[in-house]
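Peer 1: All the letters of the sequence shown, read from the start, carry residue numbers 1038 to 1684 under the numbering used here.
Among the hints, erroneous ones may be present.
[As the list claims (entries may be wrong)] Computed cross-link-like contacts, PhoX-like style, restricted to lysine-lysine with a CA-CA straight-line distance of at most 25 Å:
no.: 1; residue 1: 1519; residue 2: 1434
no.: 2; residue 1: 1434; residue 2: 1413
no.: 3; residue 1: 1396; residue 2: 1451
no.: 4; residue 1: 1077; residue 2: 1087
no.: 5; residue 1: 1449; residue 2: 1510
None of these hints come from the bench; they were simulated from the model.
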Amino acid sequence: MSASESRRILIVEDNPFNRKLLQTILEQEGFVVEECKNGKEAIERLKEEKFSLIFTDLLMPGMDGFETIRRIRDMGIATPIVTTSSMNSKQDRQRCLEAGADDFLPKPIQTEQIRELLKKYEKNTTQSPAAKDDNECPVSPINASDYRILLVEDDETLGRRYQQFLEKFGFHTIRVFHGDKAWEIFKLHNRDYDIIISNVFTSGIDGLGLLVNIKRDYPDTLVFIYAAEHDTDMFQLAARIGADGVLTQAEFESGMIPMIESAIYRCAQKTSRATAADTVNQVRKAQANLIRLGCAEPCNTIDIAYSQLTDAGGDVASCRRFNLAGRCGVVLGDVSGHNVMSSYISAIFLGILSSVWNKNQNPSDLLRTVNAELNKADYADYHLCVSALLWDRRRGKLRLATAGNPGALWVKKKNNGDIDIEELGGGGMCLGWVKEDFIFTDCEIEMTPGDFLFLFSDGIDSKAVIDILNADKELLRRETTKGISQQILDRILAKQVQKDDMILVALSEPETISDAGLHYSFPSTYSGVEGACQWAAEMIKAEQIPEGKESVLVLLAIREALINAVNYGNAFSHQAFVDLSLYFKPGELRVDISDEGAGFALPAILNKIEHIRVEQLGNRGLAVMNSVSDQVVVNGSTVSLIFRRNI
């Protein structure tokens, strides 16, 4: 392994917040980090690249962490693998080792633990994983009588059973029936208790609420959460909040003592308060990076700026490109509060957003879907205000929906160089409060070249933005949107004391668009397909077809892609458009077909047709596209057919 390869680490994690948090810590230690969102992506990446260390989550959709590890080992790859999970039972650690992992890192991730692992594997990054340490989770001998436990369980039988179990091991254990009483006792006598063990579902303050309160005010206290059944979302949330361990009731008597011993050992190896502060700092940086990332690829039309009031805030923003024809979405969220828990709720929102956005591009549909997901869990002390928009740049249309956020500012340029600022309606009910899905506001506008749109959280007064824009119209006379949000935010903060998190998003429709392609759009009908095919036949000259390609087959592949877009992408909706774009360069023709659907993933194996009957129309889709073109590429809801000169 080369020196450069020995500094490269692969992260396999489906949660974007957790990925960014781990990436930030590793990059601060001088490592180059690559990311994969699931096990399948990781397997493909490892076929072509080498890494010195792999971190993988266990609970991922599709191929989980256990299967990912097994497949990596089946490939003969000896790279050390560290699993990260909120499941901290001995059985789960054993399953990881049996699958081929080398180490287990419990969530929430602690900076000092990462550093220890890096030291361990930096010594010999090419060592085979066959050499296992039988004491993979070293435990310092403890005297149980030195520790006092506050147990929270309202079921009489279960509570008595768990209390007797803990006392059998020597722990002084006091039991209370509900979270309110536990919090009251702990505030008065916090020095008398070292460990809190709570059922997640208790009357009064539930287990998660108790966890939040204790970790906020008494970060050195160990807190363990258990539940009747395994609940991945709840366990991950508890781990993110700061639980020292989570497990099910079925695992209580087999896993609780090892979990307590392991947590006590970890605390003995470091200064807990310093590490907790360091971890909060990493959370803050991770959230800030998430807000500033924007689209996967930088663009000149969307800009985001953010200023947090405290160490960890609750504002979040994200943008996504749905296809290559200028269809994109932007979401701005504002969670109540200015603490670490607010950041975690923002992270949960981002996780929900990442899984439902493609299928719910319409802003009102998106808000309804997210609201339904948030109502599946109880975050009674937190609510989420959201602005969501869908921008169809090819047609200049923009849809906007709000749930509790201020309305946007639409800045329109006049012919004389002056500007007209229109305040769009905002309001609506915040997400997560009620289950009704008709309480959001929405509108649709037509953006023209030179227009701007500004979205912001309630920490920013719309009048302050309007005054700045009216006072300095040069801000809007720019070729790129990049930097305008930060300039406006800086001017606001120069004149007023910040009292809340502030986030500002700017969008602009460029007056000139540099695009060398030819474009055609049509509603989703079969007659529209015929018109698009006729247009393509007229636009693609014989000399522009790469040498060795037959024009009739090229047009056939285009037709099949257009039919697929109408049938599957837009589901025959006459209100949905299909965009056809042609790009020419010497020896190559690229054809982009974009629809308004959720997109799809190419299958691992694409069939080829040896003998194509031109007179047969439809029902052959990808097989014809793959047989005729040299490459088929899917980017969101855009399918690109690439034809190259035969050599």
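Peer 1: State for each hint whether it applies.
Peer 2: Do the hints match the structure? See the list:
no.: 1; hint: 1519 - 1434; verdict: holds (21 Å)
no.: 2; hint: 1434 - 1413; verdict: violated (33 Å)
no.: 3; hint: 1396 - 1451; verdict: violated (37 Å)
no.: 4; hint: 1077 - 1087; verdict: holds (16 Å)
no.: 5; hint: 1449 - 1510; verdict: holds (12 Å)
The structure is inconsistent with the numbered hints 2 and 3, although it conforms to all the rest.
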